Amino acid sequence: MLSKRIIPCLDVKEGRVVKGIQFVDIRDAGDPVELAKVYDEQGADELVFLDISASHEGKKTMIDVVRSVASELAIPFTVGGGIRTLEDIKETLRNGADKVSLNSSAVQRPELITQGADYFGSQCIVVAIDAKYDEDAGNWRVFTHGGRTPTEWLVTDWAKEAVKLGAGEILLTSMNQDGEKTGFDLPLLKVVQEVVSVPVIASGGAGSSEHFHEVFTEVDADAALAASIFHYKETSVQNVKAYLKEKGVPVR
Amino acid sequence: MIGIIDYGMGNLFSVSKALERIDVHYKIADRPKDLEGCDGFILPGVGAFPDAMRALGEHGFIRFIKEKVAEGAPVYGICLGMQLLFESSQEGGETDGLGLLPGSISRFPGIDEDGNSYKVPHMGWNQLKIHQPEQPLMKDVKDDHVYFVHSFVVRTEDASILYATSDYHMEVPAVIGKGNLVASQFHPEKSGRAGMQLLENFCKVMCKQ
Chain A
1 MLSKRIIPCL DVKEGRVVKG IQFVDIRDAG DPVELAKVYD EQGADELVFL
51 DISASHEGKK TMIDVVRSVA SELAIPFTVG GGIRTLEDIK ETLRNGADKV
101 SLNSSAVQRP ELITQGADYF GSQCIVVAID AKYDEDAGNW RVFTHGGRTP
151 TEWLVTDWAK EAVKLGAGEI LLTSMNQDGE KTGFDLPLLK VVQEVVSVPV
201 IASGGAGSSE HFHEVFTEVD ADAALAASIF HYKETSVQNV KAYLKEKGVP
251 VR
Chain B
1 MIGIIDYGMG NLFSVSKALE RIDVHYKIAD RPKDLEGCDG FILPGVGAFP
51 DAMRALGEHG FIRFIKEKVA EGAPVYGICL GMQLLFESSQ EGGETDGLGL
101 LPGSISRFPG IDEDGNSYKV PHMGWNQLKI HQPEQPLMKD VKDDHVYFVH
151 SFVVRTEDAS ILYATSDYHM EVPAVIGKGN LVASQFHPEK SGRAGMQLLE
201 NFCKVMCKQ
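These protein sequence lines are chains A and B, in that order.
Under this note's numbering, the residues of the first sequence are numbered 1 to 252, in order.
Under this note's numbering, the residues of the second sequence are numbered 1 to 209, in order.
By construction, these hints were calculated from the structure, which means they are not laboratory data.
Please read all numbers here as calculations on a predicted model, not as lab measurements.
One or more of the hints may lead you astray.
[What the hints assert, rightly or not] Derived EDC-like pairs: lysine to aspartate or glutamate, alpha-carbon spacing no greater than 20 Å straight-line:
no.	chain 1	residue 1	chain 2	residue 2
1	A	245	B	144
2	B	119	A	180
3	A	37	B	20
4	A	181	A	11
5	A	132	A	180
Turn these sequences into a full structure, and let the hints guide you.
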C-alpha cells in the first residue's frame, strides 16, 4: 500500500534558508543542505525548496543548492519559486531536482505546464495553487504572486485545467489556514480532491500530529506539507509519523 | 568502472552522485565505443518509451546493450530503463522494446477489480515484498519502502524474474532480474536506504567494484 507522505518545506533566499529555524547541533543553521539532511534523518518522505530570492545572483545560487541537495540526499525533492520558462524547468531538473513547482507562472502562461510535461513527463510538474475563500462566489479563489494577486480562477476550475494541461500533482495551500496552526483546510481539499485524478499535497494550517491524521483520513490527501511546525521544533517528522502509525495510517 | 549509458533521456546527475557516495568509479558516455571495457552498465531513463527507443537506436546503444547482455556483463535498468528491457510497450502506440526480458508494458488501468478508481501515476513510497532474497542484487535489502513514480507498469507471466514486487491495486514488479541483467521500476538513488543498498550490491557484488 502506498504510504502517506510528510513533506517539510524550506524557504531559501539567496542560497540560505530563511524563516527562523530552530534546530540545534547544526553548525550552519542557514544551510539548506544541512537542514535537508536533518529532515531526511527524521524520515521526511520528500522535501520542497521554495526559492524566494529577489536577485538574479540568488537564482543562480539556487542551482548550486539543487546540485548539493541532489548530491547528498537519497529522497526526492521539489524546487519552486521563480520558475518561469521551459529553460528554467530544464535547468532545475538537469541539476538534480525531481520535480518543479509552478505557481504564478502557470496561471500566467498555462502552456508552460504542457511544455514541461511533454518534455520531462507529468510526474515532474507540480502545480502549486494558493487559494482563499471568496464569500461572494461561495468558492475558493486562486491567488498568485505569493497571495497578493487575485485571479479570475476558482480553485476547482484551475485545478482541473492544470491537470488537463499536464500537471502530475497539485500542491494546494489554503491562504485562510496558512500560519494559523488550526489544521488543514479540509473543505478546500475535499472540493479539489473530488475533481482531480492526480495526487494532492495538502498545505497550510498544520499545527499538530492530529491535523495530519485528519487530513489523511477525512479527505484522503496523498501528502501533507508543513514548514513552521517542523522548523520551530513544535514536533518532528518522526513524532508525526509515530502518531499516524499508531492510528493505522500507512507511513514509511 | 561502471558505464552509465547516456542517450539523452536520463537523470544522470543524481545517479552519478549516488555512485560517488558509495565510492564507485563511473564513466558517462553517449556512444558505445566510449563505454567499451566497463565492468557493468547502468541504463537510466525518464520520459516516454517510443522516444527512448528511438534515442537508444540513434546513439547506437540497442546493439551494444544486447551484446553486453549476451556476453553476461552486469546491466542495471532504472525506471524507464527497466521497461525498455521488455518486449514491447503500449505507451504512445505499440512500440518494440529491447526484448531481453519476457513481458510487456501497459498503463495502470486506474480501476481495480471491484470497479473502484484509483490514482495514476503510482507516486510515492511503497513497501517492497521480497521474493528472491538469495539473489546477489538483493543482499541485505529488507522490505523497506522505495519511491515510485510511474504510470506504466510491467506485465509478465514469468515469476522467475520477479525479485521484489510492491502492491498498488495490483502486483507491481519492482525489482526484476535474469542472470546479470537486473532492473528496478523505482530510482534507487531516490529511494533511501533500500535503494542505496541495491546500487551498492549491483556495483560491489555483481560488478565487483
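Here is what the structure says about each hint:
1. Proposed proximity of residue 245 (chain A) and residue 144 (chain B) is supported: the alpha carbons are some 15 Å apart, at most 20 Å.
2. With a C-alpha separation of about 30 Å, the suggested pairing of residue 119 (chain B) with residue 180 (chain A) is violated against the 20 Å cut-off.
3. Between residue 37 (chain A) and residue 20 (chain B), the direct Cα distance comes to roughly 17 Å. Compliance with the 20 Å bound is thereby established for this hinted pair.
4. Taking the CA atoms of residue 181 (chain A) and residue 11 (chain A), the gap is about 18 Å. The hint holds against a cut of 20 Å.
5. For the hint pairing residue 132 (chain A) with residue 180 (chain A), the CA-to-CA distance comes to about 14 Å; that is within 20 Å, so the pair holds.
Hint check: a violation occurs at hint 2 only; the rest are consistent with the structure.
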